[in-house]
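*Asks:* The numbering of the sequence shown is my numbering, which starts it at 36 and goes up by one.
Honestly, I wouldn't trust all of these hints.
To be verified - Capping the alpha-carbon separation at 20 Å, the derived lysine to any residue pairs in SDA-like fashion look like this:
1) 181 / 40
2) 85 / 74
3) 105 / 94
Unchecked claim - Simulated restraints, written as ranges between beta carbons of each label pair:
4) 97 / 60: 48 to 58 Å
5) 153 / 60: 36 to 46 Å
6) 42 / 147: 51 to 61 Å
7) 164 / 73: 31 to 41 Å
8) 188 / 149: 50 to 60 Å
9) 73 / 161: 51 to 61 Å
10) 128 / 78: 48 to 58 Å
11) 147 / 66: 20 to 30 Å
12) 83 / 158: 21 to 31 Å
The set of hints was computed from the structure by calculation and includes no laboratory data.
Positions of the beta carbon are idealized from the N, C-alpha and C atoms, including for glycine.
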Amino acid sequence: MADRIREKMNQLRLDAEESASKVEELQAKVKALEQENLAKEQEITSLSHKNGLLESENEKLDTTIKDLKKTADEGLQHGTHNETLQRRLQLLEEEAEEADKTLRETNEKLRQTDVKAGHFERKVQALESERDNWETKYEEMSDKYKKLQKELEDLQTDIGNI
Numbered sequence: 036m037a038d039r040i041r042e043k044m045n046q047l048r049l050d051a052e053e054s055a056s057k058v059e060e061l062q063a064k065v066k067a068l069e070q071e072n073l074a075k076e077q078e079i080t081s082l083s084h085k086n087g088l089l090e091s092e093n094e095k096l097d098t099t100i101k102d103l104k105k106t107a108d109e110g111l112q113h114g115t116h117n118e119t120l121q122r123r124l125q126l127l128e129e130e131a132e133e134a135d136k137t138l139r140e141t142n143e144k145l146r147q148t149d150v151k152a153g154h155f156e157r158k159v160q161a162l163e164s165e166r167d168n169w170e171t172k173y174e175e176m177s178d179k180y181k182k183l184q185k186e187l188e189d190l191q192t193d194i195g196n197i
């Protein structure tokens, strides 16, 4: 009977150790995901700032294009000056298109980063929940171990008294 109790205690001890190592592993995963989440949030902030700058630049370029078109229309009598303005207008339109393209790409990256951040937040929540479950199991196993240890001591005392 004592062998069975010892065997059961050893099994409980092993289960408790496994639970403790699983808790440590999950805590490490949670920490890594939190760090990754923080990096993603910083990237979002950076991309948002860049997005704002590009929108501002795009507005400036649009205003410049409108001004240059107006100036080009008014300066039809100045042939060479008009050609220069047309070339400049074309360059500015190309820059505006490039800025527009960059803005769209930045918005897409921002959207993808938001999706990833949401995914990682859900993952962190799931891991934290799993960690809490393992901690509860560990506490239960620890209580069982203490009870069995007490029973073993009582049994040894009873056997010693006989």
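*Asks:* Look at each hint and say if it fits the structure.
*Replies:* Against the structure, the hints come out as follows:
Note on residue 181 and residue 40: the hinted pairing holds, with a Cα-Cα distance of about 13 Å set against a maximum of 20 Å. As the CA atoms of residue 85 and residue 74 are separated by approximately 16 Å, the hinted pair is consistent with the 20 Å bound. With a C-alpha separation of about 17 Å, the suggested pairing of residue 105 with residue 94 holds against the 20 Å cut-off. The hint said 48 to 58 Å for the Cβ distance between residue 97 and residue 60, and at roughly 54 Å that hint holds.
For the hinted restraint 36 to 46 Å between residue 153 and residue 60, the CB-CB distance of approximately 24 Å leaves it violated. For the pair residue 42 and residue 147, the beta carbons lie near 54 Å from each other, so the given range of 51 to 61 Å is met. At about 20 Å, the CB distance of residue 164 to residue 73 disagrees with the hint of 31 to 41 Å. A hinted range of 50 to 60 Å for the beta carbons of residue 188 and residue 149 is consistent with their spacing of about 58 Å.
Restraint check, residue 73 to residue 161: a C-beta distance of roughly 18 Å breaks the suggested window 51 to 61 Å. Checking the proposed 48 to 58 Å range against residue 128 and residue 78 shows it is violated: the Cβ atoms sit about 31 Å from each other. For the pair residue 147 and residue 66, the beta carbons lie near 24 Å from each other, so the given range of 20 to 30 Å is met. Hint check: residue 83 to residue 158, Cβ distance near 23 Å, so the stated range 21 to 31 Å holds.
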